[in-house]
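A.B. asks: In my numbering, the protein residues as written are 39 to 153.
Some clues are possibly wrong.
[What the hints assert, rightly or not] Label pairs and their calculated CB-CB ranges:
{"hint": "1", "residue 1": "Thr49", "residue 2": "Ser139", "range": "16 to 22 Å"}
{"hint": "2", "residue 1": "Tyr81", "residue 2": "Asp121", "range": "34 to 40 Å"}
{"hint": "3", "residue 1": "Pro122", "residue 2": "Val91", "range": "26 to 32 Å"}
{"hint": "4", "residue 1": "Arg110", "residue 2": "Val85", "range": "14 to 20 Å"}
{"hint": "5", "residue 1": "Glu136", "residue 2": "Asp68", "range": "30 to 36 Å"}
For the record, the hints were derived by calculation from the structure and aren't laboratory data. The beta carbon of each residue, even a glycine, is placed where N, CA and C say it ideally should be.
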Amino acid sequence: RHELWLPYCLTCRQAYFYPRPFCPRCFGWDVEWRQASGRGTIYTYAVQYRPQVPGIAAPYVTAIVQLEEGPRIVTNLVGVEPDPAQIRCDMPVEVTFEDMSDEISLPMFRPAART
Numbered sequence: 039r040h041e042l043w044l045p046y047c048l049t050c051r052q053a054y055f056y057p058r059p060f061c062p063r064c065f066g067w068d069v070e071w072r073q074a075s076g077r078g079t080i081y082t083y084a085v086q087y088r089p090q091v092p093g094i095a096a097p098y099v100t101a102i103v104q105l106e107e108g109p110r111i112v113t114n115l116v117g118v119e120p121d122p123a124q125i126r127c128d129m130p131v132e133v134t135f136e137d138m139s140d141e142i143s144l145p146m147f148r149p150a151a152r153t
């Protein structure tokens, strides 16, 4: 479906990541899933020069993205050269998906389209 969803606490009214059955802020159990905007900014990043996973060619960029909804998510940054001169913290990004199979898609982020 290529949608990004986050757990949302109905008690403290905060989205969070990583998914778990209770809120890590208030420990409330009244949680539902909400669709995220898919937009955020780069909080930090690293260019990986050595392959860590079979099938993923180096160099590539790993990043922590600060989502508009609040949580930070660990991800890969795609659609940009793995060159620190091309990437900056606070750079706007948007979610994209890489299909691994008919049932599994991995969320990754790319530089946001300029408007």
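A.B. asks: Does each hint fit the structure? Answer for all of them.
C.D. replies: Status of the hints after comparison with the structure:
1. Thr49 - Ser139: 16 to 22 Å: Since the Cβ atoms of Thr49 and Ser139 sit about 36 Å apart, the hinted range of 16 to 22 Å is violated.
2. Tyr81 - Asp121: 34 to 40 Å: violated (19 Å)
3. Pro122 - Val91: 26 to 32 Å: violated (21 Å)
4. Arg110 - Val85: 14 to 20 Å: holds (19 Å)
5. Glu136 - Asp68: 30 to 36 Å: Holds: the Cβ-Cβ distance is about 33 Å, inside 30 to 36 Å.
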